[in-house]
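Visitor: Spelled out, the chains give:
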Amino acid sequence: MLKKIFIICVQCFLVYGFAEPKINQYIKIEKPGKDDLVIVAFQYPTGCMKCAIQNNEIISNLEKKFPNKVKVIALVLCDREVELKAFIKKNNWKYPAYKVKYQELKDYGANEKSMIKIYNSKSELLLDLFIDDNETNAKLKAFIELY
Amino acid sequence: MKKLILSIATFLLIFLISCNGKENVIEFPQQTLTKVDSFVLEENEDVLLSIILDCKINNSADKVVVISDNQLIVCYDYNNGKIINYNIAGLSLSDSIINYNRIPPDNTYVIPPRYCLKFISIEECKKYGFSDVELQFMNNKFMKVEYNPDNTISSLALIYIPTLLKDDSRMIYNTAAVVEFDSSLKIKKVVFPNNTLFNFTVPNTFANDYFNKQYYITNETPTRYNRLKLKDSLPVLSIYDGKGEFIKTALFLDEQFIIDDIIVNNENLYTPSVTIIKDKIFAMFRFDPNTLYDLKSNKKIPIERPLVDYSQNFVDYSKALKESKKGSSTIELLHKYLPMSAIKLLNNGTNLIVCYKVMLKDETSFIFREYDFNGKLISERSFFNKSDRSISNLLYDKINNYFVFFVRGEENWTMEKYRW
Chain A
1 MLKKIFIICV QCFLVYGFAE PKINQYIKIE KPGKDDLVIV AFQYPTGCMK
51 CAIQNNEIIS NLEKKFPNKV KVIALVLCDR EVELKAFIKK NNWKYPAYKV
101 KYQELKDYGA NEKSMIKIYN SKSELLLDLF IDDNETNAKL KAFIELY
Chain B
1001 MKKLILSIAT FLLIFLISCN GKENVIEFPQ QTLTKVDSFV LEENEDVLLS
1051 IILDCKINNS ADKVVVISDN QLIVCYDYNN GKIINYNIAG LSLSDSIINY
1101 NRIPPDNTYV IPPRYCLKFI SIEECKKYGF SDVELQFMNN KFMKVEYNPD
1151 NTISSLALIY IPTLLKDDSR MIYNTAAVVE FDSSLKIKKV VFPNNTLFNF
1201 TVPNTFANDY FNKQYYITNE TPTRYNRLKL KDSLPVLSIY DGKGEFIKTA
1251 LFLDEQFIID DIIVNNENLY TPSVTIIKDK IFAMFRFDPN TLYDLKSNKK
1301 IPIERPLVDY SQNFVDYSKA LKESKKGSST IELLHKYLPM SAIKLLNNGT
1351 NLIVCYKVML KDETSFIFRE YDFNGKLISE RSFFNKSDRS ISNLLYDKIN
1401 NYFVFFVRGE ENWTMEKYRW
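For the record, the sequence lines run as chains A and B. Residue numbering for the first sequence follows the working numbering, beginning at 1 and increasing consecutively. Residue numbering for the second sequence follows the working numbering, beginning at 1001 and increasing consecutively.
Everything labelled a hint here was simulated from the structure, so no lab data went into it. In this text, a Cβ means the ideal position worked out from N, Cα and C, and glycines have one as well. All the given hints hold, so there is nothing to weed out.
Using C-beta positions, here's what the derived DEER-type ranges look like: (1) D1168(B) to K50(A): 15 to 25 Å; (2) G1409(B) to Y98(A): 18 to 28 Å; (3) P1222(B) to A142(A): 28 to 38 Å.
Chain B extracted, bound-state conformation:
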């Protein structure tokens, strides 16, 4: 009996302590989005969606293109959810570098250093002793997508390429590359950025500045930080021309992220989201939800009426990461210390729309805020994901002023349209 009473007392104490924990107060706007329509996305044996990594709508709002994590890019009819066409990131993407006159950059930071000789084709792999397991590793996939003004499609892909080293050994090199499609998803060309040890591209963020023939692609930041111990001028996003040649860095890492554990442990924390509107390109860091970056004029714009103050949270999060046990969940810590994130930066053709995801008590909700180019708050909406459904991605339909959610259910994927 004593044991039982002691157990109950302990349980009550834990309960009281957890109730007393620090609450993150985030004020939700009163106006919510209104559901308009919903369609099941067609799937079949060849087209089975896993996680929707990115999605875009065309200018006439009759087609959407989605990227699924299992190597697929699929074009759907926006008005009924039927498949129009699709493509798969096959091994032929790896071979497309062979005639591209690119040399893999040496990596002098690893032990032993890797001095690269050349890229080889998939057909040559067996000759040079690549095993089946190594070939299996080359799981090319599309990661980001853009609908261009002429209805062609550009995607940023992760591509693996078999590579020979000067000491006769071999490795699998990976890079971001731009895949240009026509409007029926046939590949027109693949553009490989000119990677160097310091400006190495990773397929996390992508914008296609169509009229200036320039690509904005994320750079791998931790290497530069770890190896050179640089604490400023850490590139996160760079501009490449239509042939993949480096032009300049468009966005450097903000000082507030330059904390050891954050840089090393979680690149997503400072991966920017970008949107192209008129002749401007704006960016926002996921966990700096109060600042917009105008990349063309190199301006940092604080937003009006911020929803959270994260000034101390990065330090606290960093401390918690340091103290966390090996193998423990970093996502749980992230939700605890940084419960709100700017998951996507979109636009409605006139203003910017920031999509905030709020994680409180295991529930996901959204706040959408419309800002002008000076960061002035124009309007805002809430979306309460009451049954905690799995919303994998979203886009904004400028023609109808709809938010479109891609929701994964027990059986099907649905495309749900909500009026602003």
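Bound conformation, chain A alone:
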């Protein structure tokens, strides 16, 4: 019995300890260059417009500050492919977009407040921005200055 528990524990450890974060699969698809930034924008198609507009403004600012160095991915919070397509069409979304269910957010190290995550080419998280955070502008400014 003890042996079985030991084996299960080792297996759990191996699965959880070495599993690659789920976001890496999408970052890899973008094939970012050494100094590139990968912006993962969490899009809530039925959420507040203010947040959607803020997301777009941040992406546009970063593209201006780091020309040709920015890759953008949207994780669109919805359950169905048809909703993802509707989001792409309605917002004229020009970057890659993937469907993510609410329950899956934690697999991406995110929750209902996540707005934008910025990674480097090695999939290391550089900046984490949240909805309704009055320090967003200051965080972004500091990031742009330091990077």
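Mind docking chain B on chain A? Use the hints.
Guide: Leaving out everything else, chain B in the frame of chain A:
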């Protein structure tokens, strides 16, 4: 090897601690709902449902009306799920205030204060320098819906209106407004409540007292609490006449919610659910699942055999909110400290039915309880959402005694009927 053993020991310790955590014991009734029927809801390129915010059934139980979060109101055939008609909350709703003789209230609480001059039409926006982004922000939507006794439909909508300020600057004002439809979902009129700084309407709760020509609409509570530091007489629901004029406050915030972090962080916590039955209107706060409010006689009714005791939980939840990291999930905390909520107050034509949602170990289940007007428990049912499907909303069909769930699947939406 040492590292591996240490890691396993840590893992085991975490596992044991999590198993030892405080369990929320909620007793489920033995009787469950029985499935009767299920229909796929028709969708097409123009009508694509996102989240069903509200739904109602007509008196003859042959039509249902649903509100989808993407600006849609859709009327479906209750017997086959086919679309009968629909409407979209377009920008024309914003323009409907122009001939309404309303002046936007000044907001002296923000810095700099906003002294409003007038509402303007969408056509005038370009002239006054509104950008495309600002116009994009005006995402009007229907939020709540009522089927009236004559088969007309009333909806409470969130409406954005371009506004000029006295200092020549501009802003986008938002308000709740009642949209009156005929039975084929054509807009008859839009009623704008007379908002003031203190009785400002938000589209979270709505009841149409059809025979008395009165609307019950939620008020924005945190402003009054934050700015005036008032701890009593905080309005949550007010009565407006058929022209949108304020009559009186119907429901004040209960003292137990007057905790800093709760008021500021989560308005949904104290947003009431309401139901109209005979000549009475009842309300219940989502996270006070043990109290009913009779709004006509101004009576507070404790329910019989409550399922949970939340007396200490608000304080614990408030403490946890205070200690939580910025950007962490408040929903997870809510499920941990307040796992059961009264999500909807309905009626079966004779008695009240409270729909309790129970979140335990990432699984959602439901308890439905029938109470008389004095809070006496009449009957109860359970519904175990075994495969944890996404139940977006529900209603009660009084004619057939069915509960109707609106379920979002991988491909389609279904309307599922269950016998009480």
